[in-house]
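Visitor: Protein chains in written order, with my numbering: chain U, 1 to 313; chain E, 1001 to 1331; chain R, 2001 to 2239.
Each hint can be trusted.
Here are the simulated SDA-like pairs of lysine to any residue, each with C-alpha atoms no more than 25 angstroms apart in a straight line:
| hint | chain 1 | residue 1 | chain 2 | residue 2 |
| --- | --- | --- | --- | --- |
| 1 | E | 1124 | U | 296 |
| 2 | E | 1201 | E | 1112 |
| 3 | R | 2132 | E | 1204 |
Here are a few chain E residues that sit away from chain U, every Cβ distance over 10 angstroms (derived from the structure):
| hint | residue |
| --- | --- |
| 4 | 1026 |
| 5 | 1179 |
| 6 | 1201 |
| 7 | 1298 |
In case anyone wonders, no lab produced these hints; they're calculated from the structure. We treat Cβ as the ideally placed atom computed from N, Cα and C, and that holds for glycine.
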Amino acid sequence: MDSILYFLIGFLIMSGIYSVFSVGLNIHWGHTGLFNIGIASFFLLGSYTAAIISSPSPNIEKYEEYLWGGNLSQLSILGIDFWFPLVLILSALVCILVAIPLALITIRLKEDYLALVTLGLAETLRIIFVNESWLANGTRGLYSIPRPFDLIDRGNYDYIYFVIVMITLALVYIIAQRATNSPWGRVLRGIKDNENTMISSGKNVLRFKVEAFAFGAGIMGVGGALFTHGKRFIDPITFEPMLATFIIWSMLMVGGSGNNRGAVFGAFLMWGIWTFTQFLPGFLSDANLRFVFVGLIIILFQLYKPNGVIPAK
Amino acid sequence: MKYIDLIFENKTIFVLFWIILLLSLLKPWLFVNGILIGSLYALGSIGLSLIYGNLKFANMAHGDFMTLSSYVALALLLFFFPNSDQSGSVGPFTFKYELLIVIPFTVVFIGFLAVLFDKLIYKKLRDFGAAPAAIALTSLGLAVGLRGLIQFIWGTDSTRFPRESKLFWDLPFKIKIPPDMFFCAIVAFIIALTFYFILFKTKLGKAIRATSDNPDLARITGINTERIILYIWFIGGVLAATSGILISMQQAIITPVMGWKILIPLFAAVIVGGIGNPIGALMGGLLIGITGEIATGWINPSYKPAVYFLVLLIILLLRPNGILGSKGRQF
Amino acid sequence: MTKNITSLKAKNISAGYGEQIIIRNINLDIYESSITTIIGPNGCGKSTFLKSISGIINPVEGNIEIYGNDVTNLSTFELSKIGLGYVPQSENIFPSLSVEDNLKMGGYILNSIQYKKNLDKVLDMFPDLKSKLQDSSSNLSGGQRQMLALSRALMLDPKIIMLDEPTAGLSPIIVDEVLENIISLKNSDLSVLLVEQNAKKALQVSDFGVVFSFGKKVIEDVADKILKDKEISKLYLGG
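Chain U with its partners taken away, still in its complex shape (with noise of 0.2 angstroms):
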């Protein structure tokens, strides 16, 4: 029975990172009509720099391949672990660093130009982290990696980390809901209708794109961040763009994009349908089947529901 348990809290911590995703992915496609097909390249950027300042520099008993780390987890005040939101709010900085110049580039251009350049990030941040081993080990990868508020026994670790995601996921569904309601919000939505009414009212709609795609990017750092600390061991395979990038887009796809609780329940309903598929007979748990299924619902949802099954109001 405790098992059980475990694995469902497990299951909702996944979900509630796959979440953060897609509300960041809903910022960008959902919101405004930005194409990216690299939502990996946020997803490893976020969950590097948050391993990487998190944890200690390697010792010299332990051989590892890493110059560096910022030992960040070691900062507490008063006994309460101050580091973990600072370590959400950089891996959410290093994104949008990363965001606006890739925007600057591409959004003045064709609206697929984006996309092509976060493919082309993806994998090339990918190819970085395997080759360049003194920024995070390699293939060998980061583990390891500090637990925030690790307070009780370990063994129950989990249902801590529940409730920091859900804490985490809450504070992103109030900022993104805040922002897309906002003036600036409906400027958006007003791009992603009709870009040239609204470049006719004088809006500068570069400016608004770049700030929404730093703003998802951002939202994305978080999730890899998140990501890092429950899993605990990050390495350049974690961000195969499956898992890291095709899935997400279904998640959206299927909770309806341009809103935001459709965002999050498409994550959670998801990523369920992936988790709960290998207990499924035979053949039918082959994970490449879960691979043509997220495929189909993307094909499918984008032919007859393009506003998935809680569409925007």
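Fit chains E and R to the supplied structure of chain U, relying on the hints for placement.
Guide: Leaving out everything else, chains E and R in the frame of chain U:
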């Protein structure tokens, strides 16, 4: 102002051109390799450019079509010629003659498959006027689904066509050419030329270009543009399939992710050459191939995809409409 | 001016783009061997009307008949096969094709014998194009462009031809030349439906005139009468 821009742009291209030329003189064998590999990229990007230029969206499934065609060719080969492992290979090349028999069937099959996907998916999106990004997203779904299907049927491990090891050709200046690479490059150029002939000298090709210029006007002149689009998909599928199989032959490996990984150099080539411009895509493919190979002379070869990405970024910064410019209307 | 056989009959046409309806309940007949000109201020739906007839946009209601046959549901390329020619206002040639290839596309559905016959006929009508057949069509002057667009439409021997502002942006001398060409068209059995900004000049060569305003047909009469009507002159012909 316009002229200053022009000089600036020409200057950068001028400088880049000389850098590449200088580097290739230092290591000419890389330059030759670049041309041979670039010709395969060219073939893939011509098909991609054709679809991008005519149907106005970035087809993310193009690479997975290439992958699929390699697997289909291999499956046909193993099914119809189970003993092809034992049979001799063709002349100085590593592949068996049976492979040459199954290639045309595979290529035609993939062409019709592309047509089928248009009828099932893209036609519907066109009918309700979906935005280019929405169509591209759907093609991404198709790419993911195809890859899953490939891995489900053939597994995630890499494989290869039955082959027999052969000596490389030794040429002066440390140039070593695997005969297969030469064969594939020649076939790629022949197919590219055939495609050029179809597009510019036949009535069908002119109708394709007319449809690309202005679909409404094409309909007004009595061209059934929906049928033209099916031809475009067929040709695009054939080009994808040929380049996919040739790349698998030349690199002696077939993996489920090969098509996805090749998207960036292909799109870079398409954009360098100007979207919808087949000659441009050919030049772009060669340029990307040469740049990638020459870069390996000085940096870690595993960074090749990063070099392609860098070329893509530079092009988007300096000449977003491509070096040759896209034909007809700009988007 | 006698009214001949009705060639094109538009019944109760409403059309627009997406949700936005631009023209409402338009009825219009045009007749064999005659020129009908639609005039009206910018944005009154003249071009939209032509587009809805040609099937570029689908009318939300109404019927279209050509020589008594209902063609409302035919697609654009089928309409061109049964004799409806259409020259849109701008972007009416294929700029990446040569002049000859533009004409070849005009005769796309013809076999090679018919194509040659029609090509000769069209080139007789527009001898200027003869020397430019191999040129890129994007290098043509404005007047030549219109001629090419018109000849392209004539390649299929249409029974009805719709011209959307064929004189827009041309110098006065060329305008007269284009209008002469249009007059010569009606000498065969062709019916011409013309949309024009050069309202006065167009009405002078027309048999019938129609005035559109705010998406509705407000006046329909013999062209001469419209030209002489002082009120219409003031409102729509610029005094």
